[in-house]
Amino acid sequence: MGNSKKSEADSNVLDRVLVLEMVRVTEAAAIAASNLVGRGDEKAADAAAVEAMRKAFDELYIDGTVVIGEGER
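First residue of the sequence shown? That's 0 in numbering that gives the first Met the number 0, and the numbers climb one at a time after it.
Keep in mind that the hints were calculated from the coordinates and are not lab data. Keep in mind that a hint or two might mislead.
[Said to hold, decoys possible] Computed beta-carbon distance windows for the label pairs:
no., residue 1, residue 2, range
1, L13, V36, 32 to 38 Å
2, N11, G37, 38 to 44 Å
3, E50, N11, 31 to 37 Å
4, G39, D14, 36 to 42 Å
5, V36, I67, 43 to 49 Å
6, E58, S6, 26 to 32 Å
7, D45, V18, 30 to 36 Å
8, S6, K54, 31 to 37 Å
9, N11, R38, 39 to 45 Å
10, V16, R53, 16 to 22 Å
We put the beta carbon where it would ideally sit given N, CA and C, even for glycine.
Please model the entire structure based on the sequences and the hints provided.
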């Protein structure tokens, strides 16, 4: 039972770290887009956010697939 609690604690730490890393990714995108907000070029702001997210994800030691769904535009 001792190992179970240790595994759960390790998992909680990992989850917390992953959540904070996702916050950093989101923050990078928001900062990049904020430089272009209000200039009338929504596509440029979106592109800046996407590029910032890609760079931030590249810094993380994770293996996964990002799936997005923005709905109809």
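Results for each hint:
Against the hinted window of 32 to 38 Å, the Cβ-Cβ separation of L13 and V36 comes to about 34 Å, which satisfies the hint. Checking the proposed 38 to 44 Å range against N11 and G37 shows it holds: the Cβ atoms sit about 41 Å from each other. A C-beta distance of roughly 32 Å is found between E50 and N11, which places it inside the suggested range of 31 to 37 Å. Take G39 and D14: their Cβ atoms lie about 40 Å apart, and the range 36 to 42 Å holds.
The hinted range of 43 to 49 Å is not satisfied by V36 and I67, whose Cβ atoms lie roughly 20 Å apart. Taking 26 to 32 Å as the suggested C-beta distance range, the pair E58 and S6 conforms, at roughly 27 Å. Separated by about 24 Å at the C-beta atoms, D45 and V18 break the suggested range of 30 to 36 Å. Checking the proposed 31 to 37 Å range against S6 and K54 shows it holds: the Cβ atoms sit about 33 Å from each other.
For N11 and R38, the Cβ-Cβ distance of about 42 Å falls inside the hinted range of 39 to 45 Å, so the restraint holds. For V16 and R53, the hinted distance range of 16 to 22 Å is satisfied, since their beta carbons lie about 20 Å from each other.
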